[in-house]
Amino acid sequence: MRVRLAFVSMLWGLACLLPATVQAQSVLLNYYNLTADGSDVLLEWEVQDTRGITEFQIFRRMNNESSGVHVATIPISSGSAYSYLDDDIFKTDGQVIHYELHIVMPGKTETYERSLSHNPTSIQRTWGSIKSMFRY
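Numbering (my numbering), first residue to last: 268 to 403.
Some hints here could point you the wrong way.
FRET-style restraints, in silico, Cβ to Cβ [unchecked claim]:
hint, residue 1, residue 2, range
1, Arg318, Thr378, 14 to 24 Å
2, Val371, Thr302, 18 to 28 Å
3, Gly361, Arg318, 20 to 30 Å
4, Glu367, Ile343, 34 to 44 Å
5, Arg318, Asn386, 35 to 45 Å
6, Gly335, Met372, 27 to 37 Å
7, Thr321, Ser350, 30 to 40 Å
8, Pro373, Ala303, 14 to 24 Å
The set of hints was computed from the structure by calculation and includes no laboratory data. Ideal Cβ positions, reconstructed from N, Cα and C, are used throughout, including at glycine.
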């Protein structure tokens, strides 16, 4: 973060300096993890500070796809730890799934990517198929 200091006043012979301009700082991401949870994938992340963050956006891309799809927008809450369960994965045997976490701020977006090889068991695949039939 760059800070330009401006001379404000003299107080008992000491100069008092205050920031005149502050450039937007980068988000400090404590962690960003993916975990296979049966036929689903759990995304978990934590930021050091949510000030200045508007929202989080999650994109998913399969290894055989050229571009990702937006799967969720997560609003800012009072805490610093967030999670999202992607339960809309269908028949992904042995595929590598790429997730992008977009941290959206006014005039700026930071992107972090993680990948996971997804190999659900046949029972988990069957359950995923049943769940997909009842989605609305």
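Now the hints, each set against the structure:
{"no.": "1", "hint": "Arg318 with Thr378: 14 to 24 Å", "in the structure": "holds, 19 Å"}
{"no.": "2", "hint": "Val371 with Thr302: 18 to 28 Å", "in the structure": "holds, 24 Å"}
{"no.": "3", "hint": "Gly361 with Arg318: 20 to 30 Å", "in the structure": "violated, 41 Å"}
{"no.": "4", "hint": "Glu367 with Ile343: 34 to 44 Å", "in the structure": "violated, 18 Å"}
{"no.": "5", "hint": "Arg318 with Asn386: 35 to 45 Å", "in the structure": "holds, 39 Å"}
{"no.": "6", "hint": "Gly335 with Met372: 27 to 37 Å", "in the structure": "violated, 20 Å"}
{"no.": "7", "hint": "Thr321 with Ser350: 30 to 40 Å", "in the structure": "violated, 19 Å"}
{"no.": "8", "hint": "Pro373 with Ala303: 14 to 24 Å", "in the structure": "violated, 35 Å"}
Consistency note: the structure conflicts with the earlier hints numbered 3, 4, 6, 7 and 8.
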